[in-house]
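Q: Protein chains in written order, with numbering that gives the first Met the number 0: chain E, 0 to 73; chain H, 0 to 140.
In short, the hints are calculated from the structure, not lab data.
These figures come from a predicted structure and were not determined experimentally.
Treat each hint with caution, since some may be false.
[As the list claims (entries may be wrong)] Chain H stretches covered by chain E per the calculated footprint, using a threshold of three residues with CB under 8 Å from any CB of chain E:
(1) 10 to 18
(2) 116 to 123
(3) 127 to 138
We treat Cβ as the ideally placed atom computed from N, Cα and C, and that holds for glycine.
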Amino acid sequence: MMKARIVIGLDGKVQMVTDEGTFEEGSEKLERVLKALNLEGIDIAMTQPPEQHRHGPDGEHLTTGGKSVHLHAA
Amino acid sequence: MPCNGVAVVLAQIANVDAENQRILSEIDEKTLDLLLVKFMGKVGYELEKSGSFWSARAVNAGALAELQIARGDTFKFQINNGRVIVRGGPDGMQDKIASFLNLVAGKRRQAQVVDKLKKIGVKVNKTKSASNGAVVLSVEV
Chain E
0 MMKARIVIGL DGKVQMVTDE GTFEEGSEKL ERVLKALNLE GIDIAMTQPP EQHRHGPDGE
60 HLTTGGKSVH LHAA
Chain H
0 MPCNGVAVVL AQIANVDAEN QRILSEIDEK TLDLLLVKFM GKVGYELEKS GSFWSARAVN
60 AGALAELQIA RGDTFKFQIN NGRVIVRGGP DGMQDKIASF LNLVAGKRRQ AQVVDKLKKI
120 GVKVNKTKSA SNGAVVLSVE V
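All chains should be modelled from the sequences, with the hints used to inform the complete structure.
A: Dropping the structure here:
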């Protein structure tokens, strides 16, 4: 089992974040959760490909999604 | 502190408006009536139901100052299949009640998703509410 956080908005937006393991493992697990929810009758889909979210040595957020890389200050 | 290797997935539940209507239509009448009476009481109105129509009478002029209501002002409204139809109310009242209904539906949807997560084997360790109404779960997947 992998520790994660799931945020469910009142507007139907859902954010899922793994707190440990690798990006690949986390993405796979979270995608599996979405598929399982679909099978349970929750019509939910990803709005963008999984991203990798990291903190750099100075505390800045580094977010990598697909081929694009975003850098924004903490 | 570095924390690498974190995966983020953003998702959206489809057709939220239609879902809200469906969820609201599934709430039993007594429960929805009680929620409406409580909400309208908070915003300054007393409610009386006749058939499927509610009569609302302002009892606290200050509670809805932004809607410019005065004590004794009345209007009628009806909830039909999760949609509110206001007759004669102050400007903004339709939106106010609709927002409240969306809040009720949204909270129920959150509870349904949490139940489904548990059903599919996600271990929910901790649940808290964010200031924007979101439910934040600490889980194991």
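Q: Determine for every hint whether it applies to the structure shown.
A: Evaluated hints:
no.	hint	result
1	10 to 18	holds (count 7)
2	116 to 123	holds (count 6)
3	127 to 138	holds (count 9)
Checked against the numbered hints listed earlier, the structure breaks none of them; every hint is satisfied.
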